[in-house]
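*Asks:* Here is what each chain is made of, one letter per residue.
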Amino acid sequence: MTDIVPEGVESIELIAVRQGAFGVSGSGDTSGFGGLVAPVLMPGPSSRPYGDGFDALADELELSLAARGLPAHSAIEKVVVDRGEITFHVRREHLVEFVRALRDEPGLRFELCMGVSGVHYPLEEGRELHAVYPFLSVTHNRRLRVEVSAPDSDPHIPSIVALYPSNDWHERETWDFFGIVFDGHPALTRIEMPDDWVGHPQRKDYPLGGIPVEYKGATIPPPDQRRAYT
Amino acid sequence: MADITFTSQDVDDPYAGSYETTEGTVYTVTGGDWDTIEAAPEGETERIVVNMGPQHPSTHGVLRLILELEGESVTEATCGIGYLHTGIEKNLEYRSWVQGVTFVTRMDYLSPFFNETAYCLAVEKLLGITDQIPERANVIRVMMMELNRISSHLVALATGGMELGALTAMTFGFRERELVLDLFEMVTGLRMNSAYVRPGGVAQDLPAGAEEKIRETLPLLKKRMKDTADLLVDNTIWMGRTVNVGYLDLTGCMALGITGPVLRSTGLPHDLRKSQPYCGYETYEFDVPTTDTCDAYGRFLIRLAEMQESMKIVEQCLDRLKPGPVMVADKKIAWPAQLSIGADGQGNSLDHIRQIMSESMEALIHHFKLVTEGFQVPAGQVYSAVESPRGELGAHVVSSGGTRPYRVHFRDPSFNNLQATAATCVGGMVPDVIAAVASLDPVMGGVDR
Chain A
1 MTDIVPEGVE SIELIAVRQG AFGVSGSGDT SGFGGLVAPV LMPGPSSRPY GDGFDALADE
61 LELSLAARGL PAHSAIEKVV VDRGEITFHV RREHLVEFVR ALRDEPGLRF ELCMGVSGVH
121 YPLEEGRELH AVYPFLSVTH NRRLRVEVSA PDSDPHIPSI VALYPSNDWH ERETWDFFGI
181 VFDGHPALTR IEMPDDWVGH PQRKDYPLGG IPVEYKGATI PPPDQRRAYT
Chain B
231 MADITFTSQD VDDPYAGSYE TTEGTVYTVT GGDWDTIEAA PEGETERIVV NMGPQHPSTH
291 GVLRLILELE GESVTEATCG IGYLHTGIEK NLEYRSWVQG VTFVTRMDYL SPFFNETAYC
351 LAVEKLLGIT DQIPERANVI RVMMMELNRI SSHLVALATG GMELGALTAM TFGFRERELV
411 LDLFEMVTGL RMNSAYVRPG GVAQDLPAGA EEKIRETLPL LKKRMKDTAD LLVDNTIWMG
471 RTVNVGYLDL TGCMALGITG PVLRSTGLPH DLRKSQPYCG YETYEFDVPT TDTCDAYGRF
531 LIRLAEMQES MKIVEQCLDR LKPGPVMVAD KKIAWPAQLS IGADGQGNSL DHIRQIMSES
591 MEALIHHFKL VTEGFQVPAG QVYSAVESPR GELGAHVVSS GGTRPYRVHF RDPSFNNLQA
651 TAATCVGGMV PDVIAAVASL DPVMGGVDR
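Each protein sequence line maps, in turn, to chains A and B.
For the first sequence, counting from 1, position 96 maps to 96 in our numbering; every step adds exactly one.
Each number in our numbering corresponds to the 1-based position in the second sequence with 230 added.
Bound-form chain B, shown alone (with noise of 0.2 Å):
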């Protein structure tokens, strides 16, 4: 090591001085602004700041939360993000329209299927196909996502809980959302980020059996979704760590553009699937749970009431399951083959492979073109919102006439109610912070994108 020469006092960068040594120059990086500690100001005897996160199972995500305290009481919070932030609407625009299904399933991790339905339905109306996408397809859509809600809720719920001490309620949450993981991976093959939902339709249709698993988990589902309500709802300990926590009123919430559970816990019944449906929404029986409670635990009390509405959706959908296409009949859109299950599993379709490889050179044309180029959209922007279930999720998708891309803007309810922390956090104590937090559900992967 003799060779090092010291030369940080050299560098404009106080916090990363730099020496070099036979390998090339090494930086090193120092405690920052550690290295002072400043003395508190006149008249303020406890005011410490405390950096809660990023890696803190609390925080509910890799979110940082700057609180500034005086004993116990939070007198200022602000929030940290995009310790996740991966640049997915940047990547949209060097892949195919297709391919985009890909990116965005993986946002919000937790609501893959919300993702990946507002983004195709912006592709469909830009391509001003909403209107052929074939019933099925629509049913299908609306069965994965509710039972995606479902699957989203309980992990708010046992996230929730496992913040705040109930360990039980984590396990009975994880527990039951794994039945919902199990139906996913028998429909697409992936228990998340399974890019199913396709402009035009779904990538695949029901495997045989699907619709009597489905059937089969919900009566399970509901009854041990009961025991996770007898073990909580009149909680005293579970009531004192979330009644009166986290208030936001309506007020707060329409000057905060905050949508979702937290909207509804203000006793509005704002809910996209009834005021603007898609996917044929309306024609579902189903209710919006409100409570006007404004509290940590009347959301907890909306999303239970959720999956119930989910379930109910769920068992209208599979009632109305009828056999017919799950792709849009347009073949310059529609993509060309569907898998088949062969020896190893999942692979292509052997009847599609012998047409386009021995039957027709039209056909092999037509899959090529579509598959490597993808289809183009015309030019112009669109904005679709679905109600995800952490509010409205929002694709601003805009096309400059080719095949992929031009723009993809997701607006996530997550990153918007995030926005929320100070509100509801601020005189409040460090313990309520987490409560307040938790119930706000943000989701970082849908925050940072």
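Bound-form chain A, shown alone (with noise of 0.2 Å):
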């Protein structure tokens, strides 16, 4: 799928290919639009200035991060500034360290984790699994957003709950929905599902479920089974 991604492209967040003009598919396409294909990209990685107060608190960051032994580019794979809201994608293995920066450093003090929220990207290969982190500074009143990845086939992530107790329920409801295994978690169980459910209902390949719908003779199939705009 990656081959349609157009050359000069940094972003490799691949999240959908679009088909054909109306979004439409399963009739029978007579316009000759059908043949058309798009790649959809999540927003590319911003260079500096970030704008909007975010240059001071990437210098703050990537300065702790130094005392503390990490280099910024080893730990950080890019920075996106989108729409208002800055997100550092954080390497795995550095996700720990990172956190503990954001919340130790006098000069950042993030001292709320609001969870952690899982994304499922089928399409990216060896990143499908994303657990996004938004975090909130309540001294300095902003935020930030932490975004790492795991590929399907090892989808580990360590755990931060012993930095942040609070994402306790968060993680168990992320394992429990997309299968991120976090990695030194307490007691890593499901939270929503019954605890013998197989699969993890969230991720994009797991189905909708639902029961067709007979109406007058006819049948309506669940949801994620119509014919649909997208």
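No lab work stands behind these hints: they were computed from the structure.
A few of these clues could be false.
Derived BS3-like pairs: lysine-lysine, alpha-carbon spacing no greater than 30 Å straight-line [stated by the list, open to error]:
(1) B/Lys320 with B/Lys562
(2) A/Lys78 with A/Lys204
(3) B/Lys504 with B/Lys443
(4) B/Lys542 with B/Lys552
(5) B/Lys562 with B/Lys599
(6) A/Lys204 with B/Lys456
(7) B/Lys542 with B/Lys443
(8) B/Lys456 with B/Lys443
(9) B/Lys320 with A/Lys78
(10) B/Lys453 with B/Lys504
(11) A/Lys216 with B/Lys599
(12) B/Lys562 with B/Lys552
(13) B/Lys562 with A/Lys204
(14) B/Lys542 with B/Lys453
(15) B/Lys452 with A/Lys216
(16) B/Lys599 with B/Lys320
(17) B/Lys320 with A/Lys204
(18) B/Lys453 with B/Lys443
Just a sample of chain A residues kept apart from chain B, beta carbon distances all over 12 Å, derived [said to hold, decoys possible]:
(19) Ser47
(20) Phe54
(21) Ala66
(22) Ala72
(23) Glu77
(24) His94
(25) Leu95
(26) Arg100
(27) Pro106
(28) Pro151
(29) Asp154
(30) Pro155
(31) Gly179
(32) Leu188
(33) Pro201
(34) Ile211
Positions of the beta carbon are idealized from the N, C-alpha and C atoms, including for glycine.
Starting from two chains that each stand alone, build the complex the way the hints lay out.
*Replies:* And the structure:
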């Protein structure tokens, strides 16, 4: 799939491939536009200056990471500034040290981690599973987002529960719904689904379920199997 | 029954044996781990594990508490949740962006307007139209949210009171909430789950007479709330049940990510309406009440005071409601028609029907495309947060450039705050568990989503 990404585009976050002109599939196409193929990419990496006061934040972060013996370029894959929000894509092996700097450094002081949200990108080979952590600093009144990825074949991300105990249930939820294994979590068990549930329901390859509805003799399939505009 | 062959010995599952009948296989679920009673370990005489809930009026919803007791003291407290999980986040991925509102409003069913607003703010940020939301729509959103904060706090007070045996507090709380729900019904047509806030604005303008009705209701609410306050604030029994109960200080709150009234009961005036305002909150005058008691009584006082502040905000909203649009001007996003009152109550706007059916083919196509397909949202991700009655309600929304959300995750404050159960309950008495959990005010619809 990645061969349709235009050359010169640095982003590797291919999240969808749009086909045809009208987003509809499964109907007879007589327009000739049905052969169109277009990649959908997430916003690519940003370069300095980031603006919105993010430069000071990034400076502070790089300095404190360097002081901890962790050069910023080895921990951070890329920085994305989009729609007034900053996202640091962090390599998973450096996540814990990165987050420790966020919490402990007086100039950063992100007291609150607002949980973790999983996202499944089946088209991104080798980086299918993403864990997204929103952080809030009450002291400095600012937010940042940390994003970590893991391949489907090795769905392991280190747990940050030891640093942010509030992430206990959030990591359990993300394991439950996406199958991301948070190494070092004290008790990584299912939280919303029953204990003996098979599969991780919010992954993209998990069917929505539902049963066909019959109405006046016609059968309407469940929502994920209907013909749809996307 | 002669043809039954009992085969439970052959089946792996020791708790669900099965046998064949002419109708098919019948599974019998037996008592599970209750079948064997293990002897107490050496040195422990009275260690009891109690399953409180999930169907118990004192657990504040479908919450299962697993308590380990020594006598009347709690030595360990664990929560079992998931009983209300309905897969709303997954369902959203199969609906259009506008339809999503109908789902998120059902998450935390006591604060529907906050769910809707958090979601819509995220969608608007993705679309880049945050600045284009009309003034009137923002004022209406703020007004509905603050009315909703009152109704939600009233339920917290009412159910919390009921759980502690203060039944008058319950009847008072639900009676006052009814006044607010009447306002919701008048404005949105529904008492709960109204799907009123939509990406780009709100679904409908206020109906005729709504402003007057709200103005008339506020004094009555104020008067009755004073009755509730008089009943409980200096009440010896109420204080005996709540003072120094469910203690959680600032350190504990920060470690556990607690926000909302529970955090403010430690003296930290953290409120997103002040620190990171949205919908124009920076232009309203109100205070952020705090206490420094860190206990259930302090949280009760904060909720009482917040209701007063909310009424102040609603009054300011009423004063600045000026005629104008309630939906973004961009016709590629705005819902094509407003409903109007027909002979049968509500119906489609006849003017709009006339236009699309007999005047403009393009308008018909536009209507059809927008209603069936919906609008596309550029790829990207955002996190938007609002201060719900229970704390920071965050929506992490990812778009893949299509007409449906790629992923929506709600950081529900109830879910997060419920993690404080052990910290607030262990070491206390069994009746204090009820008071402590009630003071966290979890709403299980939001916890399980």
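*Asks:* Confirm or reject: A/Ala66 is not an interface residue toward chain B, with every Cβ-Cβ distance exceeding 12 Å.
*Replies:* 27 Å, holds
*Asks:* B/Lys542 and B/Lys552: Cα distance at most 30 Å?
*Replies:* Holds, at about 18 Å.
*Asks:* Starting from B/Lys453, check that the Cα of B/Lys504 is at most 30 Å away, please.
*Replies:* 28 Å, holds
*Asks:* Keeping to a limit of 30 Å between CA atoms, is the pair of A/Lys216 and B/Lys599 held or broken?
*Replies:* Holds, at roughly 26 Å.
*Asks:* Does B/Lys504 pair with B/Lys443 here, judged by a C-alpha cut-off of 30 Å?
*Replies:* Holds, at about 29 Å.
*Asks:* Grab the minimum beta-carbon distance between A/Ile211 and chain B and tell me whether it stays above 12 Å.
*Replies:* 15 Å, holds
*Asks:* Holds or violated: is the Cβ of A/Pro106 farther than 12 Å from all Cβ atoms of chain B?
*Replies:* Holds, since 15 Å exceeds 12 Å.
*Asks:* Regarding the pair B/Lys456 and B/Lys443, is the alpha-carbon distance no greater than 30 Å?
*Replies:* 21 Å, holds
*Asks:* Per the stated criterion, does the least C-beta distance between A/Ser47 and chain B lie above 12 Å, as a non-interface residue requires?
*Replies:* Non-interface label stands for A/Ser47: nearest chain B Cβ at 18 Å, farther than 12 Å.
*Asks:* Hey, B/Lys452 versus A/Lys216, does the alpha-carbon distance stay inside 30 Å?
*Replies:* 53 Å, violated
*Asks:* Between the alpha carbons of B/Lys320 and A/Lys78, is the straight-line distance 30 Å or under?
*Replies:* Satisfied, since the Cα-Cα distance of roughly 29 Å is no more than 30 Å.
*Asks:* Holds or violated: B/Lys542 with B/Lys453, Cα cutoff 30 Å?
*Replies:* 14 Å, holds
Hints 6, 15 and 33, counting from the list given before, are not met by this structure.
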